[in-house]
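In order, the protein sequence lines correspond to chains U and P.
Under the working numbering, the first residue of the first sequence carries the number 1, and numbering increases by one thereafter.
Under the working numbering, the first residue of the second sequence carries the number 1001, and numbering increases by one thereafter.
Please note: incorrect hints may appear among the correct ones.
[Unchecked claim] Only some residues are given here: those of chain P computed to face chain U with a beta carbon under 8 Å:
| id | residue |
| --- | --- |
| 1 | L1043 |
| 2 | Y1064 |
| 3 | N1065 |
| 4 | F1090 |
| 5 | S1094 |
| 6 | Y1102 |
| 7 | S1106 |
[What the hints assert, rightly or not] Simulated crosslink set (SDA-like; lysine to any residue; CA at most 20 Å straight-line):
| id | chain 1 | residue 1 | chain 2 | residue 2 |
| --- | --- | --- | --- | --- |
| 8 | P | K1057 | U | L62 |
| 9 | U | K110 | U | K1 |
| 10 | P | K1009 | P | D1038 |
| 11 | U | K42 | P | V1088 |
| 12 | P | K1009 | P | H1096 |
| 13 | U | K110 | U | K68 |
| 14 | U | K110 | P | D1038 |
| 15 | P | K1009 | U | Q38 |
| 16 | U | K68 | U | T5 |
| 17 | U | K110 | U | Q2 |
| 18 | U | K42 | P | K1057 |
| 19 | U | K42 | P | M1041 |
| 20 | U | K1 | P | V1088 |
Rather than coming from a laboratory, the hints here were simulated on the basis of the structure.
The structure displayed is predicted, hence computed values, not measured ones.
Glycine is no exception: its CB is placed at the ideal position from the N, C-alpha and C atoms.
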Amino acid sequence: KQEVTQIPAALSVPEGENLVLNCSFTDSAIYNLQWFRQDPGKGLTSLLLIQSSQREQTSGRLNASLDKSSGRSTLYIAASQPGDSATYLCAVPDAGNMLTFGGGTRLMVKP
Amino acid sequence: NAGVTQTPKFRVLKTGQSMTLLCAQDMNHEYMYWYRQDPGMGLRLIHYSVGEGTTAKGEVPDGYNVSRLKKQNFLLGLESAAPSQTSVYFCASSEHYGADGYTFGSGTRLTVV
């Protein structure tokens, strides 16, 4: 059974820092990996989707990398802003396309 | 905007009452899902559908029923609500391993008293 782990569980940084969120998964036979953002009391917003054939995806200040062989993905946030404060979730589909989620990283960016 | 729409956004039920949560997507996705999110438990799959007229059980199906009579709609029913079903419910849709990944609705916050 796929297990997804995210480290750290919580992170507090001053505004302007570059930061890295980590996601690891136990079964490397994945088709893709998706990063989501969830604001308190809100739904999940898709940030980046990396197909298994890709090594990274970029969207604005966000960059996600994927290393299937080592079972890892990282989400890099450049020049963090208070508006980046949220919970970040990574998820991978199993053979039936059912998503397994990590526990999330709760990010606080202080002004 | 194209996406997944959930109704209602909030609801309070008394124990034993029934209700139906509606999920609608306009992306022509084949797959649809219902998740619940609880503090400390993460997102757990309740039921899912791989196409119109099909449904299947997920990780926590007990106490819920679903129907997918139309491709764009996926309904989640609670026949006799219990306090343990107090949660935030999210609907999602996807293609099968498609390039779009999953798209989630904004959620329904349900309280059972």
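> Hint numbers the structure violates, sorted upward?
Replying inline: 2, 3, 8, 9, 12, 13, 14, 17, 18, 20
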